[in-house]
Every structure is written in C-alpha cells, then in structure tokens.
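Undergrad: So you can see what is in the structure, the chains are spelled out below.
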Amino acid sequence: MSVLVYTESEEGKFKTIAFEAVSYAKGLADAMGTSVTAVTINGTDTSILADYGASKVLEVTNDQLEKFNAEAYADVISQAAKNEDVKVVILSSSANSKYLSPIVAVNLDAGFVPNVTEQPESTSPLKVKHSVFTNKAFATTEFKTAVSIIGVAKNSVGVTENKVELSSEAFSPNLDSHDFDMEIISVDKATDKVTIADAEIVVSAGRGMKGPENWGMIEDLASTLGAATACSKPVSDMGWRPHGEHVGQTGKPVASNLYIAIGISGAIQHLAGINASKVKVVINNDPEAPFFKAADYGMVGDAFEIIPQLNEKLKEFKAQNA
Amino acid sequence: MKILVCISHVPDTTSKINFTDGDSKFDTNGVQFVINPNDEFGLTRAMWFKEKQGATVHVVNVGGPETEPTLRKALAIGADEAIRINTPATDGYSVAKQLANIAKDGGYDLVIGGRESIDYNGGMVPGMLAKLIGANFVNTCISLEIEGDTATAIREIDGGKETLKTKLPLVVGGQKGLVEESDLRIPNMRGIMQARSKPLNVKEPIDATVETQTVTFTKPAPKGAVKLVESVDELVKLLHNEAKVI
Ligand SMILES: Cc1cc2nc3c(=O)[nH]c(=O)nc-3n(C[C@H](O)[C@H](O)[C@H](O)COP(=O)(O)OP(=O)(O)OC[C@H]3O[C@@H](n4cnc5c(N)ncnc54)[C@H](O)[C@@H]3O)c2cc1C
Ligand SMILES: Nc1ncnc2c1ncn2[C@@H]1O[C@H](COP(=O)(O)O)[C@@H](O)[C@H]1O
Chain A
1 MSVLVYTESE EGKFKTIAFE AVSYAKGLAD AMGTSVTAVT INGTDTSILA DYGASKVLEV
61 TNDQLEKFNA EAYADVISQA AKNEDVKVVI LSSSANSKYL SPIVAVNLDA GFVPNVTEQP
121 ESTSPLKVKH SVFTNKAFAT TEFKTAVSII GVAKNSVGVT ENKVELSSEA FSPNLDSHDF
181 DMEIISVDKA TDKVTIADAE IVVSAGRGMK GPENWGMIED LASTLGAATA CSKPVSDMGW
241 RPHGEHVGQT GKPVASNLYI AIGISGAIQH LAGINASKVK VVINNDPEAP FFKAADYGMV
301 GDAFEIIPQL NEKLKEFKAQ NA
Chain B
1001 MKILVCISHV PDTTSKINFT DGDSKFDTNG VQFVINPNDE FGLTRAMWFK EKQGATVHVV
1061 NVGGPETEPT LRKALAIGAD EAIRINTPAT DGYSVAKQLA NIAKDGGYDL VIGGRESIDY
1121 NGGMVPGMLA KLIGANFVNT CISLEIEGDT ATAIREIDGG KETLKTKLPL VVGGQKGLVE
1181 ESDLRIPNMR GIMQARSKPL NVKEPIDATV ETQTVTFTKP APKGAVKLVE SVDELVKLLH
1241 NEAKVI
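Protein chains in written order, with my numbering: chain A, 1 to 322; chain B, 1001 to 1246.
Bound-form chain A, shown alone:
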C-alpha cells in the first residue's frame, strides 16, 4: 500500500525530475501514513533515491529495455503497481513520461491527472491542483478511482532531501511480444547540448534578432550560463532556428528556473507556454512590449548592444564565483 514512483533515468543516470517525483511521493506518503517505493528501469546507483525519501527500490535490469519504449515501460510500471498493491502512482512530465502515462492509466484502470503543481489538498478523497489552459489557470480535481496516477509538473514542488533507509529488490516483469511492436530506426539527439526539458536556464530569442546570422551572441550567452537555447514560433517557422527550439502554447513548454527572452514581444501564445518558469527576464528595445508585464526583470534597449555586454559581465561573475 506504499506510494509507487517511477524514477526516470537516461543511460543509467537518474534525471532531476526523478528526484522531484520521489520528493513529491515522499510528501504524499507521509500524509497517507505510508512509505515510498521506487521503480527504475536500468537505473544505476539507486541508493541516491533514499536521499529523497524512497525506502524501497524495485530494480528492473533488462537489455530489451535499454531504449525507451512506451508500451513496455508502461507494462513494467503497471506490473510493479499491481505487485505492490499501490493506490497511488507518481510519474513525471518529461516527453517520455507523458507518452507512457495514459497507457499505465488504462492498464491499471486508474484516473490520471497530469501537470500537478502542489501536494494534494486532501488524500481522502484524493484531490490535486494542476495547471490547465496552458498555465492560464489551475483546476482542483478529485479522483474517483481505486488507483490514482499523479503526473508531477516539472520544477513545481522541487527536490527535497529527506534521507531514509533503503532496501533494494530485483524486479522481473513479464514482457510480451506486443511490447516490442515499435521498431526504433534512429535517434537524432545532440548530446553536447542542454535540452529545453532539462535546462535550469533557457535563453530564448525572437524576431527582434533580425536574422539567423545573429544567433551567435545568443548561443554564446547560453553557453556562458550552461543554458538551453529556445525561440519564438515565427523564428522557427521562417527556418532561422530548428523546430525543436519553438516554445509556447503550440511548441515546447518551458518550466525553467530562469527564462531570458530577447527580442520577443510577449504574445499571449508565447507567454502561455513559458509561464511556468520561475524568474523571467526580458530584453527588448520597445518599452511597450507586452512581455514586460509578464516579466520579473526587464531591460529596455538594443539587444545587439546588451547581449554581448551581459555575456562579458556573466563571464566575469562566473570567474569570480567559480
């Protein structure tokens, strides 16, 4: 009757969102008077999960599961949930977790609420707050099912250290052939760049940059900050930047600690997608740009002057604080 949490890893290494999910599970387990069981697929060094409150880890080690496969991963999580007879399953909001969550819900005939931003308002009945209308509002939703699945929004509750004793167990799920109906032909992923999904800082630029030839200074700034680069929709539509960088309501969501918007006007569809970011900085030469109303810090001026200066200043700062 523990709370089950799926802890996502990549090449064996746990992601920050896995620690956030465990932290959430621990908060909930405390409120329910129970403990946290984590399930990992080919995760290594699982003892770290105890730092955030997992008292038991079900370790799945299987070469067939080396690459992400939604159907098979969903099966693993569902079988773990059934074995442990859990009532609540905690998942994250990465692209992969969002892919497998609805499949787990059907497997367990469970209610599923994604984008949950806070610990439950009540545990009996289980009621959670989650963002809707692309961050323009929140809903409080009650589960009506015996088993409930909570998808934790990225960077919402944060990571909390809460060390407990850990026991690990090997877990061997039964996989069937239908789990492997999807053949992965190729994966095209830049391994040397921070992704928008994982980044703590995102440097984003818009049409104010005038043309693709001017992105050097954006990339320099991002590299100084260890940030991911992003862009507004027209910038990707015009082919100045790859589609994968398009953020906003119809692009990727951003929930970083710091979002720096350069030469972006702040249209409602752009803001909707980046609003979950904690601190927003806007650099724009038009003091009337709507983005200033949504920002925490703003600087009015020409990006072509400000960005190189900011980059130099940050390099100095990094050197001093290294």
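None of these hints come from the bench; they were simulated from the model. Note that the structure is a prediction, hence the values are computed from the model and not measured. Every residue gets a Cβ at the ideal spot worked out from N, C-alpha and C, and that includes glycine. Do not rely on the hints blindly, as some may be mistaken.
Which bits of chain A does chain B cover? Going by a derived footprint, with three or more residues having C-beta under 8 Å, they are [stated by the list, open to error]:
hint, region
1, 90–99
2, 123–132
Per the computed footprint, the stretches of chain A lying under chain B, defined by three or more beta-carbons under 8 Å from a beta-carbon of chain B, are [unchecked claim]:
hint, region
3, 108–117
4, 183–192
5, 280–292
6, 302–310
Partial pick of chain B residues on the chain A-facing surface, computed with a CB cut under 7 Å [claimed, not checked]:
hint, residue
7, 1014
8, 1017
9, 1123
10, 1128
11, 1131
12, 1139
13, 1157
14, 1158
15, 1177
16, 1181
17, 1219
Based on these hints, arrange chain B with the ligands on the given structure of chain A.
TA: Frame of chain A; chain B with the ligands shown alone:
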C-alpha cells in the same frame, strides 16, 4: 485506408480565461471556439493522405451540440464525414472510452489525435484510446508516412527526435511538424458549401464511468510589477542576490 481524426473543440488561443458558477465551470461568454491547433495539423496531414493515397477521412468529437460548428469547419477543410458523440467531455479517460467505441466499430486503420488539447492539457486521450483498442501508438508525432500496413513516424523527444517503424492500426498524438504552419488550410467558399451537405452523424454515448472530476478552478495570483534595470551590472547582481537563479 480509413482515417479517423479526433477533434477537440477549444477556446481560441487569445481567449481570456474566466470561470462561472462558483468557479466550477469555464465561462464561454464571448469566447471563440476553434479546432485544437494540434488536431488541425493532424487533420491537414489526413487531407494529404486523402489526396495522395485515396484515404477516407472521418472526424469525431465527443461533446454537446455547441461543437458542431467546429466539426463543420473540419468538413469544410475536406473531411468526408463527421461524427459527434452526444455527451459532454468530462474527463480524458471517459472521452477515450467513447472514442474507442467509435474507432472499433468503424474499422479505422489510422486514428490521428493531438499531443494535447490546449484547454485541459490532458495529453492523455490518444494514448488511452490506443491502449483501449489495442493499436500501436506514437506520441508527439512530427512526421508520418504510410506504405501498405507499415507506418514510419518521427516523434519529438526531449532534445531531439526518434524515427520509428510500426504496423497499422496506429494511433498518433500529433503536433506541428506533421505538416508545416504554411500547409494549414482556411476553408474556402466551395468547401463551406460542400460541408453543409456532408453527413454529420450524432451518436449516443456508451456508458463510461468518470474517473476524475474537476471541482474548482482558480487563476494564478496577479503578477507583481517588473523591475526595470539600467545596466547589465545591476541585472547580474539582482539575478544572483535577489532571484538567486545564477
Ligand atoms: C494559434 C496560434 C498559436 C501560436 N503559438 C505560438 C507559440 O507557441 N509560441 C510563440 O512564440 N508564438 C506563438 N504564436 C505567435 C504569436 O502570436 C506571436 O506572433 C509570436 O510569438 C511573435 O514572435 P516574436 O515575439 O519573436 O516576434 P514579434 O512579435 O515581431 O516581436 C519582436 C520583438 O522584438 C523587439 N525588438 C526588435 N528589435 C529589437 C532589438 N534590436 N533589440 C531588442 N528587441 C528588439 C520588438 O520590440 C518586438 O517586441 C501563435 C499564434 C497563433 C495564432
Ligand atoms: N472531446 C473530445 N472529442 C474528440 N477528441 C478529443 C476530445 N478531447 C480530446 N480529444 C483528442 O485528444 C487529444 C488530446 O487531448 P487531451 O488528452 O485532452 O489533452 C486532442 O488533441 C484531440 O485529438
């Protein structure tokens, strides 16, 4: 090839979001409803399959009579037939069950939905539907080719993309990339006229239990005023000392 496109009827992206009835309902007053953007990319890809590969395209919505103009718009864009399942869309799981019933009966080879609806942001209906009907499923799909009973799809992953090969029947959660923005079609007069005489079949729902129920809505607290800075020096200091993000 028979294609079913799931159409979610959502407020236009510029809508003001307000609630009524003690903050328990979305206030539709003055709100313009549209085809969910992610579904529009899917519908346009379906039109491509119709024109290039002779596919038949049906569109479906789970909702009340108020969604019919949105379905008519899909017909005007070029879908052959529309189905409305006459029940309010309460939660994602019950919508998926209604759609699964239609998808099974209709013998569709391909079901196209969106990555998420921009109102409830569930991101769950296509995945649940796939599992319920035992079809393969590709989410965040940004490219789709079909050859016989084999599909080649590209899916967006965090930081890149992945190319997959799988068999029909298939369900995809689509988004921009399935077609480009410039490929989207505005219905023309001829399309609108034709849409009037195309079938829009209303079907009664099956019994499907509701798994989750929204009790209240709230809006985010109003944002404090922006702090304008004069120099990069000041900005770096504030980000470090006050915001503590660097
Ligand atoms: C259905 C729909 C969905 C949409 N989804 C999205 C989405 O997901 N994401 C998205 O981004 N947009 C989206 N849009 C588009 C959105 O409405 C805006 O058109 C878009 O965000 C504008 O991009 P921009 O800010 O880069 O360009 P602009 O609006 O042209 O703004 C450029 C800004 O740069 C500033 N500028 C110019 N020169 C300089 C300089 N030298 N230094 C500093 N600043 C300068 C200008 O003052 C201006 O504010 C959507 C639109 C629709 C209709
Ligand atoms: N009421 C509905 N009727 C038909 N299709 C829907 C409905 N709700 C959601 N969908 C489909 O499921 C996708 C994802 O929706 P959601 O899970 O609500 O984010 C949408 O893009 C639609 O393709």
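Undergrad: Give a verdict on every hint.
TA: Hints, one by one, checked against the model:
no.: 1; hint: 90–99; in the structure: holds (count 5)
no.: 2; hint: 123–132; in the structure: holds (count 4)
no.: 3; hint: 108–117; in the structure: holds (count 6)
no.: 4; hint: 183–192; in the structure: holds (count 8)
no.: 5; hint: 280–292; in the structure: holds (count 3)
no.: 6; hint: 302–310; in the structure: holds (count 3)
no.: 7; hint: 1014; in the structure: holds, 6 Å
no.: 8; hint: 1017; in the structure: holds, 4 Å
no.: 9; hint: 1123; in the structure: holds, 5 Å
no.: 10; hint: 1128; in the structure: holds, 4 Å
no.: 11; hint: 1131; in the structure: holds, 4 Å
no.: 12; hint: 1139; in the structure: holds, 4 Å
no.: 13; hint: 1157; in the structure: holds, 5 Å
no.: 14; hint: 1158; in the structure: holds, 4 Å
no.: 15; hint: 1177; in the structure: holds, 6 Å
no.: 16; hint: 1181; in the structure: holds, 5 Å
no.: 17; hint: 1219; in the structure: holds, 5 Å
The structure meets every hint from the earlier list without exception.
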